[in-house]
Structure formats: structure tokens, C-alpha cells
Amino acid sequence: MRQKTHPLLIAFAALTFAFLIGPLVIIIGTSLSETSYLTFPPEGLSLKWYENIFEISAFRRTMVTSFILAVGGTALSMAIGIPAAYAMARYRVQLPAFLGNIYVLPILIPEIVLGFSLMKSVAIGADFPIMAALFVGHALLVLPYCVRVVGASLNAFDFSIEEAAVSLGCPRWKAFFLVVLPNVRAGIIAGFILAFITSLNDVSISIFLTGPGVSTLPIQLLAHMEQFFDPTIAAVSVLLMFVTVGVMAIVERTLGLTFLTK
Amino acid sequence: MPRLRAWALSAPALLLVFLFLGLPVASTLATTFGDPAGPFSQYAAFFESRFRMTVLWRTMEVALITTAVSLVVGFLTAWVVAKAPPRAKSLLIIAAVFPLLTGVVVRSFAWLIILGKEGILNDTLLALGIIETPLQMLYTEFSVIIAMIYLFVPLMILTLVGVLEGIPEDLTDAAASLGATPAAAFRQVVLPMAVPGLIVGSVLVFTGSFTSYATPQLLGGERQMMMGTFLYQRAMVTFDWVGASTIAAIMVVVTLTTVLVMSKMARRLNPVAG
Chain C
89 MRQKTHPLLI AFAALTFAFL IGPLVIIIGT SLSETSYLTF PPEGLSLKWY
139 ENIFEISAFR RTMVTSFILA VGGTALSMAI GIPAAYAMAR YRVQLPAFLG
189 NIYVLPILIP EIVLGFSLMK SVAIGADFPI MAALFVGHAL LVLPYCVRVV
239 GASLNAFDFS IEEAAVSLGC PRWKAFFLVV LPNVRAGIIA GFILAFITSL
289 NDVSISIFLT GPGVSTLPIQ LLAHMEQFFD PTIAAVSVLL MFVTVGVMAI
339 VERTLGLTFL TK
Chain S
51 MPRLRAWALS APALLLVFLF LGLPVASTLA TTFGDPAGPF SQYAAFFESR
101 FRMTVLWRTM EVALITTAVS LVVGFLTAWV VAKAPPRAKS LLIIAAVFPL
151 LTGVVVRSFA WLIILGKEGI LNDTLLALGI IETPLQMLYT EFSVIIAMIY
201 LFVPLMILTL VGVLEGIPED LTDAAASLGA TPAAAFRQVV LPMAVPGLIV
251 GSVLVFTGSF TSYATPQLLG GERQMMMGTF LYQRAMVTFD WVGASTIAAI
301 MVVVTLTTVL VMSKMARRLN PVAG
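Going down the list, the protein sequences come from chains C and S.
So the number in the numbering used here is just where the residue sits in the first sequence, counting from 1, plus 88.
So the number in the numbering used here is just where the residue sits in the second sequence, counting from 1, plus 50.
Think of the hints as simulated: they come from the structure by calculation, not from any bench.
Any given hint could turn out to be false.
[Said to hold, decoys possible] Restricting the straight-line Cα-Cα distance to at most 27 angstroms, the calculated cross-link-like pairs of lysine-lysine (BS3-like) are:
no., chain 1, residue 1, chain 2, residue 2
1, C, LYS350, S, LYS167
2, S, LYS167, C, LYS92
3, S, LYS139, C, LYS350
4, C, LYS92, C, LYS350
5, S, LYS133, C, LYS92
6, S, LYS133, C, LYS350
7, C, LYS136, S, LYS167
[As the list claims (entries may be wrong)] What follows is a set of in silico ranges between Cβ atoms, one per label pair, in the way DEER data are often shown:
no., chain 1, residue 1, chain 2, residue 2, range
8, S, SER99, C, PHE247, 17 to 23 angstroms
9, C, TRP261, S, ALA234, 47 to 53 angstroms
10, C, ALA106, S, GLU219, 24 to 30 angstroms
11, S, LEU141, C, GLU122, 31 to 37 angstroms
In this text, a Cβ means the ideal position worked out from N, Cα and C, and glycines have one as well.
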């Protein structure tokens with residue numbers, strides 16, 4: 089027997105979703121306006137603000153930096169996060185359970201505290217170049233996603249398959265790459281893409297580590313907003329929304345979006 | 051041998067966390083106790099300064115209001131989502147995930163357009179004749195709170211949809227068949243089972259809004275300084291690293307205490323575990 093949801097509740101939920109989606113629709117609208125100020129509904133229709141993004145060299149540069157950082161930082165984090173997640177799932181008896189808590193420390197410690205501390209100790213204290221410090225910061229930031237999303241897949245993996253391969257004479261490292269990894273591919277892809285978007289959108293760590301000549305897209309957006317308040321920012325925002333759509337499509341195809349409600 | 055292998059595989063990740071989180075954060079915390087006037091003099095100075103306490107209380111207030119509103123809005127909405135037919139449910143989940151995965155700068159920017167002096171809300175209210183002069187909505191606590199709620203409602207919805215789906219419908223049916231009114235079944239069956247999830251969601255929203263930077267920076271500015279923007283200002287504008295470290299330490303203590311106390315409470319209140 090399925091209970092009916094009260095119509096007032098449904099109306100309330102509809103309002104909530106209007107509240108969630110409305111502002112994003114407004115951004116899309118303002119990005120299409122012909123006017124040089126932000127207005128909604130748009131006056132006239134034009135794509136000139138999208139062209140303008142690529143005419144501003146700071147946006148071109150920071151887009152490339154942000155992309156390299158998100159892919160590179162996530163790859164680094166995966167390279168060390170997958171073995172850690174594997175060890176946690178495979179050697180549950182041999183490893184203390186608190187290791188799992190250590191890997192999520194980057195979420196637990198306020199991001200802005202982490203950014204400030206990295207600036208002090210790593211960028212200035214250890215004299216890391218800007219890009220290196222950003223790499224380390226972003227790899228650290230996304231480590232929890234790598235370990236936990238891959239870990240969720242590994243926990244569902246039947247390790248006796250791996251044992252079968254090993255007992256049939258397959259070297260352990262080879263069994264890992266040929267048997268374990270292909271079986272948790274969905275988790276790796278989903279973890280990678282969630283980490284990627286987290287890194288791409290990061291403000292609190294990057295704001296402390298960017299410096300002369302090297303910046304990321306969100307930091308550049310913040311800087312641009314302080315000087316100009318034109319539809320270019322709206323256009324960049326829309327581009328970023330396209331990235332979000334791509335990310336969602338990939339998560340849906342791998343673990344399914346309902347994974348995010350767990 | 052397996053033990054060695056297990057530690058060897060974990061070593062790189064542990065090293066990354068130790069070197070680039072453990073040491074730097076420990077050094078930040080340690081700086082706050084190094085004052086020649088006494089180990090706690092930085093904290094004494096913080097708690098005696100009227101300005102700094104205003105920032106701390108404002109941050110607490112904004113974070114608490116954001117959490118409370120997100121909790122109510124998120125719970126009611128998640129309820130509808132969890133009970134929706136499968137196809138509608140996946141659409142609604144998409145509608146909640148989309149803003150969640152869109153960057154904080156983009157989402158805060160939306161509210162700059164809406165709440166600005168010549169923004170959409172003021173234009174609309176003027177056109178409707180409700181107000182005669184544009185309202186100052188930006189750089190007020192109101193604008194920060196609205197944008198924060200906007201930021202965190204999707205997170206709350208998604209957390210609670212998972213929780214509510216985990217409560218078997220048989221239980222409410224059983225309560226009904228034993229004569230419970232829907233309200234009583236909700237109060238005595240559903241709510242107690244949802245409490246741990248409500249706590250988890252609230253902790254996520256509270257710590258997230260307590261430590262946020264971009265949103266208070268864009269919508270609150272200098273006038274509505276919060277702990278995050280205050281830390282940044284101390285560190286990068288006035289270069290007072292010890293002062294910034296003290297703010298950082300207070301943020302760490304507040305968030306960790308919240309997480310520890312509340313997760314202990316969530317475990318204790320969990321009717322299934324108890």
C-alpha cells in the first residue's frame with residue numbers, strides 16, 4: 089500500500105527545485121544578452137560574450153591551468169589512492185581501521201585552513217614552485233574521493249577471483265592489473281570524474297597557492313568579478329555548467345547518480 | 051608478508067597526508083602557542099577583541115541559520131523525492147545533483163545578479179511598485195545566508211533521500227495496521243529512524259558553511275566578514291600569519307568538535323544500533 093504524498097508537500101518540493109534551478113537559468117539567460125551589463129531576461133540574443141571569453145588571455149590561460157591541474161592532480165591522487173583503497177579492502181585484518189579516517193582528513197580539516205597551511209609550509213617554507221604546490225594541494229584535496237569511491241567498488245569485489253588467478257600462477261602485480269582493476273573500473277571512472285570536478289571548482293586551496301602568472305579558472309573568475317561585472321562571467325559559468333553535465337553523464341553511466349545519495 | 055604488503059601499498063597515500071596535511075596544519079596550530087607573552091595569549095587577544103568576536107559570532111549565526119533552514123527544506127523535499135515514482139525520482143535527483151556539482155563561484159555569482167542594487171529582484175520589485183528605491187541586499191547577512199542555503203540544500207536533499215529510502219515502507223504500514231495515525235507513525239517510527247541521517251546532514255552543512263570562503267567573500271564582502279574571509283584577510287592582506295593561524299585553529303577546533311560530538315550522538319540515537 090503506497091501512501092499518497094500530501095499535495096502541499098509536493099508544492100513545497102516544486103518551489104525548492106525552482107529555487108535550486110532558477111538561479112542557474114538566470115545565469116544562462118544573462119550570458120546570451122547583447123547588453124554589456126547583466127540583465128534578465130536577456131535583451132537581444134548574441135553569443136558575443138562566449139567569444140569574449142577566448143579573447144581575454146587570462147581566461148584562456150587559467151582554463152588550461154585548471155584543466156591540467158584537475159587531470160594531473162586527480163591522476164596523482166588515484167595513483168596513490170587506489171593502492172591504499174585496495175590495501176584497506178584486501179587486508180582488512182592486517183591494517184588498523186583508523187587508516188580510513190586518515191584518508192578523509194582533507195575533507196575533515198577546513199579547506200581554507202589547509203590552503204593557508206600549505207601556503208605557509210609548502211609554497212613558502214619549502215619553496216615549492218607555484219604549480220608544484222597547486223598539484224600537491226589538489227591531489228590532497230581529492231584523495232578522499234579517490235580512496236572512498238574506489239574503496240566502495242573494492243568492497244563489493246570478490247577477492248577470491250584474484251586468489252584464483254594467483255593460485256593458477258599469475259604474478260600478484262599482474263593479477264592486480266588484469267583481474268582487480270578491470271572489475272572496479274566503474275568506481276575508478278566515477279571517482280576520477282568526481283575528483284576532477286572538485287579540483288576544477290576549488291577556491292579555498294587555490295586562492296592561497298596561486299601567484300604571479302599562475303592562476304586557476306575559479307580564482308580568475310573571482311578576480312574578474314571584482315573589476316568587471318559583465319556577461320563574460322555568465323558565459324564562463326555556462327561553460328562550467330556544460331562540464332557539470334558531462335560529469336553527471338559519466339557518473340550516471342558508471343555507478344549511477346543514486347550513488348551520490350549514499 | 052601480507053602485513054608488509056598492506057603497509058607498502060598504503061605508504062604513499064599516508065605519506066602524502068602526513069607531509070602535506072599533517073605537518074603543515076600542525077605547524078599552523080603550533081605557531082599560535084609561540085607568543086612570548088604566554089602560550090595562550092593569542093587566544094586571549096582573540097576572545098577579548100570585540101571585532102574578532104563579532105566575526106566569530108556572525109559565522110556561528112550564519113552557519114546555524116543555514117543549517118536549520120537547509121534541514122527543514124531538505125527534509126521536506128527529500129521526503130517528496132524518496133516517495134516519488136522511479137522516473138520522477140531520477141529526474142529530481144538530477145535536479146539536485148546538478149547545482150551540487152556546479153562550482154561555488156558560479157552559484158554565488160547567480161545571487162550577485164539576483165540581489166544586486168540593479169539586480170533582478172530589485173528590478174522586479176520596483177516594476178511591481180512594491181518598493182520605490184532599490185533595497186540594499188548585497189553585503190548583508192541576509193545575502194550571505196540566502197546564498198549559503200542555496201549552496202547546501204542540494205547536499206541535504208541527497209543525504210536525506212538516501213536515509214529516507216533506507217526506512218522500509220513495511221514499518222509505516224505495520225504502524226498503520228496497528229492503528230497509528232499517519233502523524234503518529236511519522237513521529238514514532240519514521241522520525242527516530244531518520245535522526246542519525248538528519249544529524250549527518252546537519253554536520254555537513256554546519257561545517258561547510260562555518261568554513262566557507264567564496265560565498266561570504268562575494269556576497270558579504272568586508273562588511274560581513276566571516277571566519278573564512280577573515281583568515282584570508284589576515285594572511286594575505288595584513289600578513290599577520292600568527293593571527294591567521296589563531297583563526298585557523300579556532301576553525302579546526304569548532305569543526306572537529308562538531309563532527310566528533312554529533313557523530314557520537316548520531317550513533318547513540320540510532321534506534322537500529324541501540
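If you draw a straight line from the CA of S:LYS133 to the CA of C:LYS92, is it 27 angstroms or shorter?
Holds. S:LYS133 to C:LYS92 sits at ~9 angstroms (cutoff 27 angstroms).
Against the 27 angstroms threshold, does the CA-CA distance of C:LYS136 and S:LYS167 hold or violate the hint?
holds, 25 angstroms
Holds or violated: S:LYS133 and C:LYS350, Cα atoms, limit 27 angstroms.
The given pair, whose Cα atoms are some 17 angstroms apart, holds under the 27 angstroms limit.
For C:ALA106 and S:GLU219, compare the CB-CB distance with the range 24 to 30 angstroms and indicate the outcome.
holds, 28 angstroms
Lying within 17 to 23 angstroms: is that true of the beta-carbon distance S:SER99 to C:PHE247?
violated, 57 angstroms
Satisfaction of hint between C:LYS350 and S:LYS139, Cα-Cα up to 27 angstroms
holds, 15 angstroms
Pairwise beta carbon distance, S:LEU141 to C:GLU122, judged against the given window 31 to 37 angstroms
holds, 33 angstroms
Please verify whether C:LYS92 and C:LYS350 have alpha carbons no more than 27 angstroms apart.
holds, 25 angstroms
Given pair status - C:LYS92, S:LYS167, alpha carbons within 27 angstroms:
violated, 44 angstroms
Does C:LYS350 pair with S:LYS167 here, judged by a C-alpha cut-off of 27 angstroms?
violated, 41 angstroms
Should the hint that C:TRP261 and S:ALA234 are 47 to 53 angstroms apart at their CB atoms be regarded as holding?
Once the Cβ atoms are compared, 60 angstroms apart, the range 47 to 53 angstroms for S:ALA234 and C:TRP261 is violated.
Going through the hint list in order, the structure does not satisfy hints 1, 2, 8, 9.
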